[in-house]
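Protein sequence lines, in the order shown, are assigned to chains A and B.
Using the working numbering, read the first sequence as starting at 1 and increasing by one per residue.
Using the working numbering, read the second sequence as starting at 231 and increasing by one per residue.
Worth flagging that the hints you see were computed from the coordinates, not collected in a lab.
Each hint should be verified, as a subset may be incorrect.
Coverage of chain A stretches by chain B, computed from C-beta distances (three or more under 8 angstroms per stretch; other residues unrestricted) [claimed, not checked]:
{"#": "1", "stretch": "49–60"}
{"#": "2", "stretch": "186–199"}
Listed below are several chain B residues computed to face chain A (Cβ distance under 8 angstroms; list not exhaustive) [what the hints assert, rightly or not]:
{"#": "3", "residue": "333"}
{"#": "4", "residue": "360"}
{"#": "5", "residue": "371"}
{"#": "6", "residue": "393"}
{"#": "7", "residue": "400"}
{"#": "8", "residue": "405"}
{"#": "9", "residue": "406"}
Using 25 angstroms as the maximum straight-line C-alpha spacing, the simulated DMTMM-like pairs for lysine to aspartate or glutamate come out as follows [unchecked claim]:
{"#": "10", "chain 1": "B", "residue 1": "351", "chain 2": "A", "residue 2": "8"}
{"#": "11", "chain 1": "B", "residue 1": "471", "chain 2": "B", "residue 2": "292"}
{"#": "12", "chain 1": "B", "residue 1": "427", "chain 2": "A", "residue 2": "84"}
{"#": "13", "chain 1": "B", "residue 1": "316", "chain 2": "A", "residue 2": "2"}
{"#": "14", "chain 1": "B", "residue 1": "313", "chain 2": "A", "residue 2": "4"}
{"#": "15", "chain 1": "B", "residue 1": "332", "chain 2": "A", "residue 2": "194"}
{"#": "16", "chain 1": "B", "residue 1": "315", "chain 2": "A", "residue 2": "2"}
{"#": "17", "chain 1": "A", "residue 1": "165", "chain 2": "B", "residue 2": "304"}
{"#": "18", "chain 1": "B", "residue 1": "448", "chain 2": "A", "residue 2": "4"}
{"#": "19", "chain 1": "B", "residue 1": "432", "chain 2": "B", "residue 2": "385"}
{"#": "20", "chain 1": "B", "residue 1": "427", "chain 2": "A", "residue 2": "80"}
{"#": "21", "chain 1": "B", "residue 1": "332", "chain 2": "A", "residue 2": "8"}
{"#": "22", "chain 1": "B", "residue 1": "351", "chain 2": "A", "residue 2": "84"}
{"#": "23", "chain 1": "B", "residue 1": "353", "chain 2": "A", "residue 2": "84"}
{"#": "24", "chain 1": "B", "residue 1": "328", "chain 2": "A", "residue 2": "194"}
{"#": "25", "chain 1": "B", "residue 1": "353", "chain 2": "A", "residue 2": "93"}
{"#": "26", "chain 1": "B", "residue 1": "462", "chain 2": "B", "residue 2": "440"}
{"#": "27", "chain 1": "B", "residue 1": "351", "chain 2": "B", "residue 2": "414"}
{"#": "28", "chain 1": "B", "residue 1": "328", "chain 2": "A", "residue 2": "2"}
{"#": "29", "chain 1": "A", "residue 1": "165", "chain 2": "B", "residue 2": "393"}
{"#": "30", "chain 1": "B", "residue 1": "365", "chain 2": "A", "residue 2": "15"}
Here a beta-carbon is modelled for each residue, glycine too, at the ideal position from N, C-alpha and C.
Given next are the chains, with one letter for each unit.
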Amino acid sequence: MDFEVIVEYFPRLLEGAWTTIQLVLVSGIVGSLMAVPIGLARHSGVFWIRALPYCYIFFFRGTPLLVQIFLVYYGVSQFEAVRESMFWPYLREPYWCAIIAFCLNTSAYTAEILRGALAAIPKGEVEASKVLGMRKSLMYRRVLLPRAFGMIVPAYGNEIILMLKGSALASTITLLDLTGMARTIIARTYTPIEIFLSAGVIYLALSMLVIWVFRWVERRHNEYLRPIEN
Amino acid sequence: MKINKTLIATLSLTAIALSSTVAQASDKIRIATEGAWAPFNFIDASGQPQGFDVDIANALCEKMKVECEIVTQDWDGLIPALKVKKFDAIVASMSITKERMKQVDFSDPYYSGGLRYLAAKGKPFDTSKAGLKGKVIGAQRATVAGLYLEDNLADVVEIKLYDNNDAVYLDLQAGRLDGALSDELPTFNWLKSDAGKGFEFKGQAFAKDDKIGIAVRKGDKLRAKLNKALNKILNDGTYEKINAKYFPFSIY
Numbered sequence: 001m002d003f004e005v006i007v008e009y010f011p012r013l014l015e016g017a018w019t020t021i022q023l024v025l026v027s028g029i030v031g032s033l034m035a036v037p038i039g040l041a042r043h044s045g046v047f048w049i050r051a052l053p054y055c056y057i058f059f060f061r062g063t064p065l066l067v068q069i070f071l072v073y074y075g076v077s078q079f080e081a082v083r084e085s086m087f088w089p090y091l092r093e094p095y096w097c098a099i100i101a102f103c104l105n106t107s108a109y110t111a112e113i114l115r116g117a118l119a120a121i122p123k124g125e126v127e128a129s130k131v132l133g134m135r136k137s138l139m140y141r142r143v144l145l146p147r148a149f150g151m152i153v154p155a156y157g158n159e160i161i162l163m164l165k166g167s168a169l170a171s172t173i174t175l176l177d178l179t180g181m182a183r184t185i186i187a188r189t190y191t192p193i194e195i196f197l198s199a200g201v202i203y204l205a206l207s208m209l210v211i212w213v214f215r216w217v218e219r220r221h222n223e224y225l226r227p228i229e230n
Numbered sequence: 231m232k233i234n235k236t237l238i239a240t241l242s243l244t245a246i247a248l249s250s251t252v253a254q255a256s257d258k259i260r261i262a263t264e265g266a267w268a269p270f271n272f273i274d275a276s277g278q279p280q281g282f283d284v285d286i287a288n289a290l291c292e293k294m295k296v297e298c299e300i301v302t303q304d305w306d307g308l309i310p311a312l313k314v315k316k317f318d319a320i321v322a323s324m325s326i327t328k329e330r331m332k333q334v335d336f337s338d339p340y341y342s343g344g345l346r347y348l349a350a351k352g353k354p355f356d357t358s359k360a361g362l363k364g365k366v367i368g369a370q371r372a373t374v375a376g377l378y379l380e381d382n383l384a385d386v387v388e389i390k391l392y393d394n395n396d397a398v399y400l401d402l403q404a405g406r407l408d409g410a411l412s413d414e415l416p417t418f419n420w421l422k423s424d425a426g427k428g429f430e431f432k433g434q435a436f437a438k439d440d441k442i443g444i445a446v447r448k449g450d451k452l453r454a455k456l457n458k459a460l461n462k463i464l465n466d467g468t469y470e471k472i473n474a475k476y477f478p479f480s481i482y
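One chain only, chain A, in its complex shape (with noise of 0.2 angstroms):
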């Protein structure tokens, strides 16, 4: 083990990861919001309206992450029109080429995690918002999405944590995410043991973090669910 070079390459390991934090923050905060009216078409009871969300998110499940990255920065760029059109500026570059392909792929996910928790809701609660009528927009904003929510809070977890580590991936396009930069880091020392090492501490560190605060979301909104303590 060679701890000077860890020393010496740490501070640009850290650069890495906040390219690493932007990409896992930036695509799931819009992935979510994506998701919300994906996951309530998906869980309607009309074909038509259910028909294209399921192909979405069977696409987006059904393939890996990386075919999609590579579709959507080398696949795209290949017509002529994209390279002239208004986005060129955005999809020239790798960061957004990045973030665009991971927000259809975990806005795909979380549809599929609201829908199975939408499903999950028993049905005395929607009953019970029926009997006391209220129309559909009121049922799903006052009681069928919080409750919906509480349930995915878990799972929604369980996703930020398979992107953060998905995020990885980004490094084959030329981004210095903290892939990115080990990979760029290691051609220059050799030393993969180390440097991969400090890298998997960071990431390790930055799922922690994430598993705290979904810990802590969970706690305050389920706080109801909670037995009442002696």
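For chain A, the structure is supplied; the task is to place chain B on it using the hints.
Then chain B, alone, in the frame of chain A:
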């Protein structure tokens, strides 16, 4: 009693099977190449590694009278994997550099190359430091070209590092890169291909003292054997024949 006998028989059979595979593995030399550096090493339509490096490796094995297996490994994992004995030698157009010499031993050089910029045909592209200012330049990670950019032009150009050279070419075509820095010989090959016809060399080749060798583990006796075999193929015309298959000029 019977169970015992069966057990012993099974165990000894397993032991024999295991020891024979170990013995086999020790006679065979495993040689690694990258498979994304045409025409030196690439994967053909049937999934087999081909190219100048592979031909040289096979010719050397023939002269050393040993059985060889060619395996492929991503570029930036080659040296780490060699060190932990995943294979015994790297024949992957690897430049002999001071940094790498600290990690591995190299055979005598088996060809030499240099670096050269490439960019879109017909467009002016000034390869001086001032001319490159603000440009986006791509190269492969962990190569002489990649390190050259980081060491000399980090504050002048925006450097993009790729896992393999094919990805560099793809992004050149997509227009994400203003230019790329790569080894002259593989680029020479790509420029002749359909995909490369919109591009050309810019400026003259430099860093021409770039010698390419075969990497082995530090202190491995294989190095002496490889050098002897290399000497043989250089003298009996085998090298020349392989050279002519890929380039109309000598690359030694």
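Structure-based check of all given hints:
1. 49–60: Violated - the stretch 49–60 of chain A has 0 residues with a Cβ nearer than 8 angstroms to chain B, which falls short of three.
2. 186–199: Holds, because 5 residues of the stretch 186–199 of chain A bring their Cβ atoms closer than 8 angstroms to Cβ atoms of chain B.
3. 333: 5 angstroms, holds
4. 360: Since chain A brings no Cβ nearer than about 25 angstroms to residue 360 (chain B), farther than 8 angstroms, the hint is violated.
5. 371: At about 5 angstroms, which falls below the 8 angstroms cut-off, the nearest Cβ of chain A leaves the hint on residue 371 (chain B) intact, so it holds.
6. 393: With a minimum Cβ separation of about 6 angstroms from chain A (threshold 8 angstroms), the hint on residue 393 (chain B) holds.
7. 400: 5 angstroms, holds
8. 405: 6 angstroms, holds
9. 406: With Cβ-Cβ at 5 angstroms, under 8 angstroms, it holds.
10. B:351 - A:8: 42 angstroms, violated
11. B:471 - B:292: This hinted pair holds, its Cα atoms lying about 15 angstroms apart.
12. B:427 - A:84: 21 angstroms, holds
13. B:316 - A:2: Answer holds: residue 316 (chain B) to residue 2 (chain A) is near 22 angstroms, not above 25 angstroms.
14. B:313 - A:4: 21 angstroms, holds
15. B:332 - A:194: With Cα atoms ~17 angstroms apart, residue 332 (chain B) and residue 194 (chain A) stay inside 25 angstroms; holds.
16. B:315 - A:2: Distance ~21 angstroms between residue 315 (chain B) and residue 2 (chain A) Cα, so the pair holds.
17. A:165 - B:304: Between residue 165 (chain A) and residue 304 (chain B) the Cα gap is close to 21 angstroms, so the pair holds against 25 angstroms.
18. B:448 - A:4: Between residue 448 (chain B) and residue 4 (chain A) the Cα gap is close to 22 angstroms, so the pair holds against 25 angstroms.
19. B:432 - B:385: Roughly 21 angstroms separates the two Cα atoms, so the pair holds.
20. B:427 - A:80: 17 angstroms, holds
21. B:332 - A:8: 19 angstroms, holds
22. B:351 - A:84: With Cα atoms ~19 angstroms apart, residue 351 (chain B) and residue 84 (chain A) stay inside 25 angstroms; holds.
23. B:353 - A:84: 19 angstroms, holds
24. B:328 - A:194: 21 angstroms, holds
25. B:353 - A:93: 22 angstroms, holds
26. B:462 - B:440: Measuring from Cα to Cα gives roughly 23 angstroms; hence the hint holds.
27. B:351 - B:414: Holds: residue 351 (chain B) and residue 414 (chain B) sit about 16 angstroms apart, inside 25 angstroms.
28. B:328 - A:2: 19 angstroms, holds
29. A:165 - B:393: 19 angstroms, holds
30. B:365 - A:15: Within the cut-off at roughly 23 angstroms; holds.
When each numbered hint is compared with the structure, violations occur for hints 1, 4 and 10.
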